[in-house]
Amino acid sequence: MTVRVSVFAAIAALILLAVIFELIRSRRLQERYAILWLITGGVILVLAVWRSALGSLSHTVGIAYPPSALFVLASLFILIVLLHYSTVISKLADQNRILAQRLALLESSARGDSRGDGET
Amino acid sequence: MTEPLTTAPREDRDPRLAGLRRLAIVPAYNEAEAIGAVIAELRAFDPELEIVVVDDGSMDGTARRAAEAGVEVVRLPFNLGIGGAMQTGYQYARDHGFDLAIQVDGDGQHDAREITMLIEPILDGEADMTVGTRFAGGRRYRPPFARRIGIQLFARVVSLIVRQRVTDTTSGFRAVNRRGIALFAADYPHDYPEVETTVLVHRHKLRMVEVPVAMRTRSAGTSSITFFQSIYYMIKVSLALFVGLFRRNSTLEER
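Protein chains in written order, with the working numbering: chain A, 1 to 120; chain B, 1 to 255.
Don't take every hint at face value.
Claimed, not checked - Restraint ranges, calculated between C-beta atoms of paired labels, are given here:
1. A:62 x B:33: 51 to 61 Å
2. A:98 x B:95: 47 to 57 Å
3. A:53 x B:227: 56 to 66 Å
To be verified - One-sided excerpt, in silico: chain B residues whose CB lies under 7 Å from chain A:
4. 40
5. 44
6. 45
7. 75
8. 78
9. 235
10. 243
11. 245
None of these hints come from the bench; they were simulated from the model.
No experiment lies behind these values; they were computed from the predicted model shown.
Where a beta carbon is used, it is the ideal one built from N, C-alpha and C, also for glycine.
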């Protein structure tokens, strides 16, 4: 495997980590949702630099060309992040529905109060 | 009130408490068993203390029990976690113009009588926030090994950051004055907030004082932290502390 691939992967991982760091620092990304991204960037960085580990990993899973294993792994992590976000969106949608219902009921009872017809 | 200002506090007639509106914020998540006793104890300690229970989306009738006890109940429509619940309490304190807010856990582990000691530095004008610590002073608390390591680790790190000795960063037994209320109402960490709030207070140049207190073991329910949650806790708080080092100080205007 050429050194160039490793260097490219390492730089990409470093950029990813730097962007995540800046997003947390400027409070545009909560720590809770940054952790999976940080693990992704960290794993890619480690395997890009530690070439013998990547070599034995790709040998174990039967991938002839080690850099492919790196990108397979990266895709896997992105898949995990996406799946995690799907669960987060589901939860947000649920909470959004509850908020809309609460607000609508609150408005209805507030209108009732202002008409003075004794609704509670 | 003929006592001079310098005497030790009397639980019920401390002249410094005159005209001071004080609020106990009690966050509660599924604490129906314990909440009644917590409220009764607070009432017995100080009848003038107003109490707000923030029900963090409980499913066991915590809000109903608290309302039956006759205190103000703020019911969150779903579980926000302790950070979101506490901040709701501080927003209530700000909106209703309280001078002093005291955090008391809804599970009964905090002894209301210790509030006398807890608010002492604030009444003396020596602190904007006080934290009840289980590790300083003559009273010792020995948590399980892993938890003790975690608590000590964060205590060390936070002590370095705030340049002040901190022994108990996980204690939820706290009191703040108006400045603290304003800060926490505007800015409060989302989950596992205790460690980060200590740093937050320092960064906004508020004064923090630790007060040795005794705490009880939980009177009902089980500890809220599982194994995986404690791993997440360590990672999340470490990350927040690290990134926080690179933020500029004071994001809230001085008041």
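Please write out, lowest number first, the hints stated earlier that are contradicted by the structure.
2, 3, 4, 5, 6, 7 and 11
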